[in-house]
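Enquirer: Listed below, chain by chain, are the residues.
Protein chains: 4
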Amino acid sequence: MTAPVPHVPKDPLFESRVRASFDKQQFMATIGARLLRVEPGEVDVEVATRGDLTQQHGFLHAGVVASAADSACGYAALSLMPAGAAVLSIEFKTNLLAPATGDRIVARGRVIRAGRTVTVCWGEVIAYASDNSERLVATMVATMMTVVDRGLVD
Amino acid sequence: MTAPVPHVPKDPLFESRVRASFDKQQFMATIGARLLRVEPGEVDVEVATRGDLTQQHGFLHAGVVASAADSACGYAALSLMPAGAAVLSIEFKTNLLAPATGDRIVARGRVIRAGRTVTVCWGEVIAYASDNSERLVATMVATMMTVVDRGLVD
Amino acid sequence: MTAPVPHVPKDPLFESRVRASFDKQQFMATIGARLLRVEPGEVDVEVATRGDLTQQHGFLHAGVVASAADSACGYAALSLMPAGAAVLSIEFKTNLLAPATGDRIVARGRVIRAGRTVTVCWGEVIAYASDNSERLVATMVATMMTVVDRGLVD
Amino acid sequence: MTAPVPHVPKDPLFESRVRASFDKQQFMATIGARLLRVEPGEVDVEVATRGDLTQQHGFLHAGVVASAADSACGYAALSLMPAGAAVLSIEFKTNLLAPATGDRIVARGRVIRAGRTVTVCWGEVIAYASDNSERLVATMVATMMTVVDRGLVD
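Chains as they are written, first to last, in numbering that gives the first Met the number 0: chain G, 0 to 153; chain Y, 0 to 153; chain A, 0 to 153; chain B, 0 to 153.
Please keep in mind that the hints were generated in silico from the structure rather than gathered at the bench.
Worth double-checking, as some hints may not be accurate.
As the list claims (entries may be wrong) - One-sided excerpt, in silico: chain G residues whose CB lies under 8 Å from chain B: (1) Asn94; (2) Arg115; (3) Thr116; (4) Val119; (5) Asn131; (6) Arg134; (7) Val147.
What the hints assert, rightly or not - To give a feel for the contact side, a few chain Y residues facing chain B, derived at Cβ under 7 Å: (8) Glu90; (9) Thr142; (10) Val146.
Predicted model, so just to flag it, every value in this text is computed and none were measured.
Each residue gets a CB set at the ideal place from its N, CA and C atoms; glycine is no exception.
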């Protein structure tokens, strides 16, 4: 991808806002997801491999991979939104490039385009083996919507 | 969608094969997903609403919705594959049409096109309220790959 | 797909509005596309096969298929928007199920979900052979945005 | 995106093979598309703005943007395939980030993952204004299939 333009947050308190919202995502706790970096337009979410997150071949379920990537993308988008705004996922598309094996995955969400209503994010999910070697296992493109002043339904 | 063509399974034991594979998906147990109908090219997966599956606004997390839909689509695809074949998700795209509220969701996976290598599925996720009224909350298009005789990596 | 709910147009003059806009799409004329049915939330666009629309194997180029489907979806969305609104494609995803051969294709766009800002459409592209037999050659899911009162940029 | 791994072509004659195939895409000639760079796993396609390629607001039609990106992605994939292989688009998804205005667009296709059967590509479409300033107007993720020895149908 072309070198991204640095993003300027509209809300200087974006990080605490993102972290507070992530902490309310009970499903993230259920899958043991942790919020790592929170930068303007860039958020990383980590999930450690666990038996209860696997599919029929013993890899992390594609749904876990997508869940982490969706949260990373959503919070990357939220980090650039004004104070008081909420973020909704309109749609996402994920390509599963390789089995998600190893000790943990990190989903990296990055804002490609931040509009007033629509934000588009790119996500990459990296699997780390026990020797810390890494492999790109999935990508995501996600479209997020800024919701302000009118509830959570479009 | 145009009226679908009835699918003819290549493996008469498709249902037991699908159910056995689903039972190995530990992540489905983690989110409390149940396999409902298993017909040739058509599989339904149900998830009951639980607090530990929610996002920051109290709705079912988009990742849960996508996980159920991905499994429904994957098993719809597997139901038409020959005995001995395994199914891999290549990619999926989900549109989130409305918040996933209510008592439970049912993800319905349907095969649109079954090829030798590539199967394309359509998924719909319906949310049911306590009065059993229903609402379409998400759609999915998923591309699945038949893997035979050469391990799980392309 | 579940039986669609009938759509009620906000603008009784939706058909003439859609047809006038289509006539301004010079690219539709370039590929010889014709607007067929225009119903509330449902629009069909036809393209006759021509040598100058083909890819390297002599089939209609995927870009032609996608162009027709995008226009059908966009105008299906516009048909439900209020007078004065314009429609923008935010994103679309197309699955190419079979080579687009035959005499002509018809792209059918249908609104799945009409929101205030975001409309989601489903598209199917059918290829018709010279004996009028038909084959589903592509599907599309498209997200469209209603633009009112503030120009064409989000 | 993470720094891409350099790709090694299986066929040393990849460039002439790609250029010969592109020249057979009559639709590319119809829209005035030109093949620029052809490197292993990386292909650029340029389209100059013309009135007959526009949509209703005078911008390049999303279908033109997608057509150029699909060809760039498909040929990026083909550049890494063995001699004798053909490439088919299984699916692509495009996000339209900004109106495609200016003098010309360049669609850049890059291989993210090259498998035996399935190749995944990332595409970016840049619009260049008359002062040569550039703007990212669209992205694409495309899944391509290698077809060998068994015709063009899966």
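Enquirer: It remains to establish, for every hint, whether it holds in the given structure.
Expert: How the hints compare with the structure:
With 8 Å as the threshold, the beta carbon of Asn94/G comes within range of chain B, its nearest partner Cβ sitting at about 5 Å, so the hint holds. The beta carbon of Arg115/G comes no nearer than 13 Å to any beta carbon in chain B, farther than 8 Å, and the hint placing it at the interface is violated. For Thr116/G, the shortest C-beta to C-beta distance to chain B is roughly 13 Å, which exceeds 8 Å, and the interface hint is violated. Annotation: interface hint on Val119/G holds; nearest CB of chain B at approximately 5 Å, less than 8 Å.
Because the beta carbon of Asn131/G sits about 15 Å from the nearest beta carbon in chain B, more than 8 Å, this interface hint is broken. A hinted interface residue such as Arg134/G counts as satisfied when its beta carbon comes closer than 8 Å to some beta carbon of chain B; here the least separation is about 10 Å, so the hint is violated. Given the 8 Å rule on beta carbons, the hint for Val147/G is violated: about 21 Å separates it from the nearest Cβ of chain B. Interface hint at Glu90/Y: satisfied, since its Cβ lies 6 Å from the closest Cβ of chain B, which is below the 7 Å cut-off.
A cut of 7 Å between beta carbons decides the hint on Thr142/Y: the least distance to chain B is about 6 Å, and the hint holds. The restraint placing Val146/Y at the interface with chain B is violated, with a minimum CB-CB distance near 10 Å, outside the 7 Å limit.
Violated hints for the displayed structure, listed by number in ascending order: 2, 3, 5, 6, 7 and 10.
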